[in-house]
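Visitor: Residue strings, one per chain:
4 protein chains.
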Amino acid sequence: MGKYSHIQQEAYEANMQLPVLGLVLYTFGNVSALDRSLGVFAIKPSGVPYNELTPGKMVIVDLDSKVVEGTLRPSSDTKTHAVLYKEWDSIGGVCHTHSTYATAWAQSQLDIPIFGTTHADHNTVDIPCAPPMDDEMIKGNYEHETGYQIINCLNHKKMDYKEVEMILVGNHAPFTWGKTAAKAVYNSAVLESIAQMALLTQQINPGAPRLKDSLIKKHFERKHGPDSYYGQS
Amino acid sequence: MGKYSHIQQEAYEANMQLPVLGLVLYTFGNVSALDRSLGVFAIKPSGVPYNELTPGKMVIVDLDSKVVEGTLRPSSDTKTHAVLYKEWDSIGGVCHTHSTYATAWAQSQLDIPIFGTTHADHNTVDIPCAPPMDDEMIKGNYEHETGYQIINCLNHKKMDYKEVEMILVGNHAPFTWGKTAAKAVYNSAVLESIAQMALLTQQINPGAPRLKDSLIKKHFERKHGPDSYYGQS
Amino acid sequence: MGKYSHIQQEAYEANMQLPVLGLVLYTFGNVSALDRSLGVFAIKPSGVPYNELTPGKMVIVDLDSKVVEGTLRPSSDTKTHAVLYKEWDSIGGVCHTHSTYATAWAQSQLDIPIFGTTHADHNTVDIPCAPPMDDEMIKGNYEHETGYQIINCLNHKKMDYKEVEMILVGNHAPFTWGKTAAKAVYNSAVLESIAQMALLTQQINPGAPRLKDSLIKKHFERKHGPDSYYGQS
Amino acid sequence: MGKYSHIQQEAYEANMQLPVLGLVLYTFGNVSALDRSLGVFAIKPSGVPYNELTPGKMVIVDLDSKVVEGTLRPSSDTKTHAVLYKEWDSIGGVCHTHSTYATAWAQSQLDIPIFGTTHADHNTVDIPCAPPMDDEMIKGNYEHETGYQIINCLNHKKMDYKEVEMILVGNHAPFTWGKTAAKAVYNSAVLESIAQMALLTQQINPGAPRLKDSLIKKHFERKHGPDSYYGQS
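Chains as they are written, first to last, in UniProt numbering: chain A, 1 to 233; chain B, 1 to 233; chain C, 1 to 233; chain D, 1 to 233.
What the hints contain is simulated information worked out from the structure, not anything from laboratory work. Where hints are given, some of them may not hold.
Same chains, same label: a pair holds when it works inside one copy or across any pair of copies.
Said to hold, decoys possible - Below, in silico cross-link-like pairs of lysine-lysine (DSS-like), each with a Cα-Cα straight-line distance of 30 angstroms or less:
hint, residue 1, residue 2
1, Lys-212, Lys-3
2, Lys-162, Lys-183
3, Lys-212, Lys-158
4, Lys-79, Lys-212
5, Lys-183, Lys-57
6, Lys-179, Lys-162
7, Lys-223, Lys-139
8, Lys-139, Lys-3
9, Lys-57, Lys-157
10, Lys-217, Lys-66
11, Lys-79, Lys-183
12, Lys-157, Lys-3
13, Lys-223, Lys-212
14, Lys-218, Lys-3
15, Lys-217, Lys-3
16, Lys-158, Lys-3
17, Lys-57, Lys-158
18, Lys-212, Lys-157
19, Lys-139, Lys-218
20, Lys-218, Lys-79
21, Lys-66, Lys-223
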């Protein structure tokens, strides 16, 4: 057992959930799992099919995106993961997919309106869509800048990454995060469902109103507030 | 064998149908099964994944929402189930999901028009969408009030819960019921299919007319009337 | 081996394809297989779940809809099947489903325009949608009249049932037929795919033109003309 | 082991991926694999169900569409494959499907706009839709002309078949190609996903802008440029 095998196992299991949940075609997604005390995370190797993954193939990378252990090249999105881990000190997992509906919203460059309690069970805001970055940043350290594009968008909208664990990167696709890799994947699946329902809602009723504040508050707090009563304590 | 094992088994089997039928993501749904003579129902524990459920984990609750047996916390929607059982004396099962198309209609706050015989095979009305409740009720005993929101909507529309076994709760999601838990689940699956077809019908022909009365009557009665000839007698 | 076991087996296998192909929810569909020399067909029993079907449960009915053999009640749509067999002397199978997209077109009361070669590989016309029948006919011998509604629609449009093996019954759902029960089921699956693609085509380009005549003719004849070269001869 | 068994095996495996990926209904698709040194390709026999295919049933055809080995009739689209192999000297596989969303775009006779990085990861242009061919060509050597319709469309748009490995044939369906049969199938699956996302993007935001040039260039080059860093080198 290597010193990183616990996060390799966690990253492996989280990555393997992506095809099960229908969130990826081929290799269009990646999940990482962090050990903050060791200052490293395990991430999917780039372009390796899911059915060829093993825990041992997960690449160990530090928060400056340097490979610490592993013979395979890490995901091309590794720098984005590293930036989020470096800047946000209470997350332990990051997930990126090109899931169909969330990606369509990202391509539309619009926030996903909060239309119902399925959404409010998870957060209290329209899911933000970060604008595409400037050409200079794209030509530069692109995946590194993508991380800051995400962080800056949340900061600009005065959102807390601990409360809003999902974002759309304009023209690109969703990123989600959480305390663990499994939670990050959960957030990607929830986001895809919310994204599909929001489009359908607008198709049924183009004038559908946003959820009212009292319901937003009620549903979020019954799952996440100090007096939450969802799940087992 | 405990004295509640029959309804635990019934609730377990009904809950396990939800992922099979594609009606739930993660734990976003719950079914209960009532024994009216004992005055209790068995309901899914809150937030427990379907693949970890067992009949013994079903929580036994009375019609005032008090837990009678079980170590797990019951579904956060338990009070809604309890109200429906208490007020409607001929139902034996209640089902709640966030299925994609029915939830989108709920979020759109529109009734689902009766467009065809698939719908008329099950009831004779537009599927009602109960309006979101007042802020005071939301802040109060929310899930309890949700039950009355459902009952009041049917009463207001002069609908009989024995004939209309499904409703949309505005901004939230569908609830269905029936003589058994299995029938409540069946109604949720039928509602999801009707909801999808209704949206597609409006997309194909925005001026699509409602089903005419003679066809509504014919199809409902061939399945449910005194001279019904659908199924095995 | 009973004297009808060959058509019971054929009807059984054809019915079992419906859930495999995703064309039915619960029992919302039925297929029959005819032995014209015996003047009877085998059809699904009404309301029996697919996973409880066996060849021996297929009900034997004559062309006047009289049950000849079997203890179960035949499909509620039996009379429609009987009429088609009686009036059209070269068909050997009939299939009825409430498949999602074809049913949505039926509910929209519009013909499905011929937009591409997938459609032209199977016939050369817009898929007809028969109008809902008169109230008097609905109140009368409804399923019997449904058969004539189908036949009259083809006659009125001067279509040949041997070339156009599928129709939508307005406000209701599709019926298909063919030389065998298996071919009738095939036509239902093809119709569902054509119906979905046609809606998507109109969503992408509301002004999408019908397929031009030369392509309609080419594709139909390469599969069905005297010099056809599709498939194995 | 016959002298063609290597391409029969390759073609067989590639064809069998089509139903797994959800790209075909029944036999509505075909893949071929070329051995350029032998001047022949292996292609699916016409109209044979996927579950009856074996490597030995793959038909061996030369670049003039003459059958070299095999007792079955090759795919009716064989001449289109042959033309592409003859004119484009660095491809080794061709795939044709009637996948739902790509076919709907083909029926709409519109190019698929490049809306996001999922698209730019694979090429840098709107996916071209070749216009339907002239009536004279349709009446003539239709499948042969289809090959030239594809080639002429790319030439007219000054696109390189080595960079743009997918096209829509107007009113018909997609064709894709690549260095191997497996790559051609991969391109068909990617095209279907891009086609679905593009429609959804326009439904969410009818004014959604094309991806900007800097992002197109960045994403294509990180996967395909001289300094690419996607996948394992």
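Visitor: If you check each hint against the structure, which ones fail?
Guide: 1, 8, 9, 12, 14, 15, 16, 17
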